[in-house]
Every structure is written in structure tokens, then in C-alpha cells.
Amino acid sequence: MKRSLFLFAFMALFFGLTNAQAQPAKGIKGGNPSTWPAEVREKYTLLGDNTKQKKFTEALPALEWLLENHPQLHKNIYIRGIKVYHGLAEKAATEKKEEDKVKFQDKAMDLYDLRIKYYGQEATVLKYKAYYAPYYWTGRRTDDLYKLYEKIVGISGNATDANVVTHYMAIATTKKRNKQLNEEQILALHEKLTKIAEANAGKKGWEKTKTELDGYLASVITVDCDFIYRFYVPKYKADAENVELIEQLLARMIVASKNAKEGEERCTKKPLFLELAEKLFKKKPTYGRAMNLVNAYRDDKAKAKGFLEKAIELAEDDAKKADGYLQLASMQRANGAYGAARTSAFQAAKLDPAKAGKAYTMVAYMYMASGKSCNGTSPKNPCHAKAIYIAAYNMFQKAGNTKGMANAKRYFPTKEDVFTHAMQGKAVNVGCWVGETVTIVGN
Numbered sequence: 165m166k167r168s169l170f171l172f173a174f175m176a177l178f179f180g181l182t183n184a185q186a187q188p189a190k191g192i193k194g195g196n197p198s199t200w201p202a203e204v205r206e207k208y209t210l211l212g213d214n215t216k217q218k219k220f221t222e223a224l225p226a227l228e229w230l231l232e233n234h235p236q237l238h239k240n241i242y243i244r245g246i247k248v249y250h251g252l253a254e255k256a257a258t259e260k261k262e263e264d265k266v267k268f269q270d271k272a273m274d275l276y277d278l279r280i281k282y283y284g285q286e287a288t289v290l291k292y293k294a295y296y297a298p299y300y301w302t303g304r305r306t307d308d309l310y311k312l313y314e315k316i317v318g319i320s321g322n323a324t325d326a327n328v329v330t331h332y333m334a335i336a337t338t339k340k341r342n343k344q345l346n347e348e349q350i351l352a353l354h355e356k357l358t359k360i361a362e363a364n365a366g367k368k369g370w371e372k373t374k375t376e377l378d379g380y381l382a383s384v385i386t387v388d389c390d391f392i393y394r395f396y397v398p399k400y401k402a403d404a405e406n407v408e409l410i411e412q413l414l415a416r417m418i419v420a421s422k423n424a425k426e427g428e429e430r431c432t433k434k435p436l437f438l439e440l441a442e443k444l445f446k447k448k449p450t451y452g453r454a455m456n457l458v459n460a461y462r463d464d465k466a467k468a469k470g471f472l473e474k475a476i477e478l479a480e481d482d483a484k485k486a487d488g489y490l491q492l493a494s495m496q497r498a499n500g501a502y503g504a505a506r507t508s509a510f511q512a513a514k515l516d517p518a519k520a521g522k523a524y525t526m527v528a529y530m531y532m533a534s535g536k537s538c539n540g541t542s543p544k545n546p547c548h549a550k551a552i553y554i555a556a557y558n559m560f561q562k563a564g565n566t567k568g569m570a571n572a573k574r575y576f577p578t579k580e581d582v583f584t585h586a587m588q589g590k591a592v593n594v595g596c597w598v599g600e601t602v603t604i605v606g607n
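Every number in our numbering is 164 more than the matching position in the sequence shown, counting from 1.
It should be emphasised that the hints constitute simulated quantities derived from the structure, not laboratory data.
Careful: at least some of the hints might be erroneous.
Claimed, not checked - Simulated pairs of lysine-lysine, DSSO-like, Cα-Cα distance not exceeding 30 Å:
#1 LYS446 <-> LYS434
#2 LYS465 <-> LYS536
#3 LYS434 <-> LYS484
#4 LYS448 <-> LYS401
#5 LYS433 <-> LYS485
#6 LYS485 <-> LYS474
#7 LYS356 <-> LYS315
#8 LYS467 <-> LYS434
#9 LYS311 <-> LYS239
#10 LYS291 <-> LYS271
#11 LYS522 <-> LYS536
#12 LYS216 <-> LYS190
#13 LYS343 <-> LYS359
#14 LYS485 <-> LYS562
#15 LYS401 <-> LYS374
#16 LYS265 <-> LYS339
#17 LYS247 <-> LYS271
#18 LYS484 <-> LYS465
#19 LYS425 <-> LYS465
#20 LYS536 <-> LYS590
#21 LYS260 <-> LYS218
#22 LYS401 <-> LYS359
#23 LYS374 <-> LYS474
#24 LYS544 <-> LYS579
#25 LYS467 <-> LYS447
#26 LYS374 <-> LYS315
#27 LYS372 <-> LYS343
#28 LYS399 <-> LYS339
Please model the complete structure; the sequences and the hints are all you need to start from.
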């Protein structure tokens with residue numbers, strides 16, 4: 165008997181599930197509007213016409229009938245329906261009907277989710293939803309707003325809008341003050357959002373966003389060097405090869421340096437910072453990290469030069485490579501290696517024409533500085549001795565530097581010297597490291 169009852173119950177459950185699964189989706193799903201029943205076409209048309217004319221109250225009955233009976237009829241139900249609810253919420257706000265305003269705001273936000281359910285495009289639709297969310301939910305449904313931003317960042321990553329990133333961090337700081345988030349959670353979120361901001365560096369508005377992120381963090385946590393050593397360094401010592409942890413620690417040390425008070429030693433000056441930066445570069449070498457090490461080792465010329473050469477190798481494009489060569493030229497010039505500096509400067513000019521003026525100007529100044537040592541093949545002849553200034557003039561001219569040209573011209577051989585030595589229009593090799601041949605003209 166028990167066995168029969170069990171079998172009956174199982175069969176009832178099985179067939180019940182089968183029938184439920186076999187039921188078609190509610191209402192009409194897409195298709196050609198000409199095949200829809202007359203009532204469906206009528207409601208769909210009423211919704212479209214009234215929405216277009218901003219008659220949102222008149223559009224509401226058709227919208228709600230379609231949502232109830234044919235939720236998968238067409239994506240336009242949701243596009244127009246959201247406009248209807250936003251319009252009704254705005255109308256209720258104008259009429260100071262708070263209850264209706266909130267009701268229609270929530271219906272609009274729910275409709276974004278239904279659109280995603282039936283038609284996908286989650287990242288795009290959530291972006292639309294995020295535009296209204298802070299206006300509708302701040303102070304009323306703050307937790308829902310926080311979860312929405314969390315979801316958007318999870319889906320969109322570096323494609324997240326700057327406003328979402330900023331608002332997300334703002335709400336997080338409020339939750340931190342209310343003890344709903346701890347130090348570790350707020351720091352982890354700041355790190356994640358900062359990476360998004362850095363990935364969008366150079367785009368409009370993102371520099372401001374990055375500054376705001378740091379400001380929000382500083383409003384709830386004093387990120388100074390003491391905090392870094394207390395909170396992060398023990399973690400690093402316990403897992404010293406963890407690349408993600410090294411990146412976090414470096415980022416925190418940079419933030420702490422920005423927050424340093426006058427007279428305090430900056431966190432980036434600590435030996436640990438260089439240790440971490442070098443370790444990260446070895447594990448994940450990039451142009452940016454190499455350039456950071458160039459700046460960090462400014463007082464150690466040999467190390468700085470080594471990292472600069474690596475940066476040039478790692479540069480992702482010609483503009484960055486040219487920047488590297490210009491810095492290398494400056495470094496070589498400072499060390500008196502004029503020949504090598506000229507080669508680097510010319511390489512920069514070749515890679516990036518926008519930097520050619522700066523590169524040629526640097527070479528021209530090196531020529532000017534060599535006037536006493538590069539005095540031609542016949543030093544006693546003033547036309548030979550001053551030929552290098554003609555070479556400098558030519559280089560300034562190539563750079564488009566008129567001020568430099570005028571300065572170099574002051575040192576040209578005089579017309580009397582040119583006449584006396586019969587040198588007008590003659591070719592002279594400057595000699596020494598310059599090695600250029602110029603045509604003699606008088607000043």
C-alpha cells in the first residue's frame with residue numbers, strides 16, 4: 165500500500181513537472197506585427213503613439229496590459245515603458261505626490277531588469293539603469309545602489325563609466341563610516357577602482373575620477389607610511405612573491421606619499437619601495453614600470469640608464485620609444501657623451517616627428533658647448549675655428565628654433581675674416597665628435 169502511494173505521488177510530481185516545463189512562454193514572442201491579434205496591435209500602437217507624444221498617463225494602461233499578457237512581444241515595450249515610468253515619476257515629483265513618484269521610479273528600475281531577462285544586453289542596459297539609479301535610490305535604497313554598481317563593475321570592468329566608479333566609491337565610504345565595510349574591504353575596492361581609472365588614463369574625466377577615488381579613501385582611512393607598514397608589510401613578508409600583493413603595496417605607498425605632511429619622509433623614498441618596484445619589474449616588465457625605476461634611481465646614473473634602455477625596448481609605440489630616447493640623450497649629454505647623445509636624439513626625431521624640434525635643439529646646444537674643443541682642421545684660421553657655430557645654426561634651423569639660430573649666428577666668423585682668408589662659400593669639416601661639413605658664410 166505504501167509503495168503504491170509513493171509510486172502515485174512520484175508519477176504525479178513527474179507529470180506535473182513535465183506539464184509545467186512543456187507550457188509555452190506567456191503570450192506572443194516577437195514575430196511580424198501583421199500576424200498579431202488586433203487587440204495586441206492596438207495596445208502596442210497606443211503605447212508607441214502616446215510615448216512619442218509624451219502622453220505618459222494615457223500610455224500607462226497599454227503598457228501594463230502588454231507587460232501582463234505579452235512580456236516578450238517586442239523590446240520596444242521596455243524601451244518605451246521605461247520612458248513612460250520616468251515621465252510619470254517626474255510628473256508626480258512636480259505635483260509633489262511623493263508616494264506616486266517613488267512607485268514609478270521603482271517600476272522604471274524594475275523594467276530595466278525585465279528587459280535584460282528577455283532581451284539580454286546586460287552591460288548596455290545596466291549602463292542606462294546606472295544613469296537614473298543615484299537620482300532614484302540615494303538615501304532610499306542605498307544598498308541596492310551599491311549592489312548595482314558592484315554588478316556593473318564586475319561585468320564591464322575597464323569599460324565602466326567614470327561616474328559609476330566615483331559613486332561606487334562614495335557609497336563605499338559611507339558604508340565604512342557605518343561599519344558595514346572594514347579597512348581591508350574599502351582598500352580592496354579602492355585598488356580595483358583605481359586600476360579601472362588607470363586603464364582609462366588620458367581619457368576625458370578620468371584624471372578627476374582618480375583624484376576623487378583617493379579623496380574618498382582618505383576621508384575614511386589615513387593612508388600614511390605607518391599604516392602601510394602596519395597593515396600591508398606583514399602580509400608581504402608572509403607572501404613575498406605574490407605579484408598582486410606587491411602591486412597593492414606599491415600603489416598604497418604612492419598614495420601615502422601624496423598624503424605625507426611637510427617634512428615627513430615620503431613612503432616612496434623608503435628602501436622597500438625600490439625593492440618592490442624592482443621585483444615587480446622582474447616579474448612583469450612594462451615600459452611604465454621601467455620608467456618609474458628610472459625616476460626612482462635618479463641619483464644612481466648607471467642604474468637609471470640601464471632601466472631607461474629597458475624601457476625603450478618595452479615601449480608599446482614609437483611616441484613612447486621616442487620619449488625614452490630623448491631622456492637617454494639628456495642623460496648621455498649630462499655625462500659628456502655628446503656623440504652617443506646625438507645618436508639618441510636623432511633616433512627620437514626619426515621615431516616621432518613631433519619631438520624632432522626638441523631633439524635637434526638639444527644637438528645644436530651640444531654643438532654650441534663644443535666651440536672651444538671643436539675648432540676645425542685649421543684652428544688658426546678663424547673661419548675653421550668658428551665653423552661649429554654654423555653647424556649649430558643649421559641644427560637650430562632644422563629644429564625651427566629662431567632664437568637659437570640668432571644666438572649661434574653671433575659667433576659666426578666675421579665678414580672680414582671670411583674675406584681675408586678667402587673662405588666665402590667654401591666647405592669646411594668641423595672635425596672632432598661633430599664631424600659635419602658646413603659652408604662658410606660671414607656675419
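Here is how each hint holds up against the structure:
1. LYS446 <-> LYS434: holds (19 Å)
2. LYS465 <-> LYS536: holds (27 Å)
3. LYS434 <-> LYS484: holds (28 Å)
4. LYS448 <-> LYS401: holds (20 Å)
5. LYS433 <-> LYS485: holds (27 Å)
6. LYS485 <-> LYS474: holds (10 Å)
7. LYS356 <-> LYS315: With a Cα-Cα distance of about 13 Å, the restraint between LYS356 and LYS315 holds, given a limit of 30 Å.
8. LYS467 <-> LYS434: At roughly 17 Å apart (the allowed maximum being 30 Å), LYS434 and LYS467 satisfy the hint.
9. LYS311 <-> LYS239: The hint holds at about 25 Å.
10. LYS291 <-> LYS271: Given pair LYS291, LYS271 holds - Cα atoms ~17 Å apart, limit 30 Å.
11. LYS522 <-> LYS536: Distance of about 24 Å is within 30 Å: holds.
12. LYS216 <-> LYS190: Holds - the C-alpha atoms of LYS190 and LYS216 are around 27 Å apart, at most 30 Å.
13. LYS343 <-> LYS359: Status holds; Cα separation ~25 Å.
14. LYS485 <-> LYS562: holds (21 Å)
15. LYS401 <-> LYS374: holds (29 Å)
16. LYS265 <-> LYS339: Measuring from Cα to Cα gives roughly 26 Å; hence the hint holds.
17. LYS247 <-> LYS271: holds (11 Å)
18. LYS484 <-> LYS465: holds (21 Å)
19. LYS425 <-> LYS465: holds (29 Å)
20. LYS536 <-> LYS590: holds (21 Å)
21. LYS260 <-> LYS218: holds (20 Å)
22. LYS401 <-> LYS359: Roughly 24 Å between the alpha carbons, so the hint for LYS401 and LYS359 holds.
23. LYS374 <-> LYS474: holds (28 Å)
24. LYS544 <-> LYS579: holds (16 Å)
25. LYS467 <-> LYS447: Holds - the C-alpha atoms of LYS447 and LYS467 are around 18 Å apart, at most 30 Å.
26. LYS374 <-> LYS315: holds (20 Å)
27. LYS372 <-> LYS343: The given pair, whose Cα atoms are some 27 Å apart, holds under the 30 Å limit.
28. LYS399 <-> LYS339: holds (25 Å)
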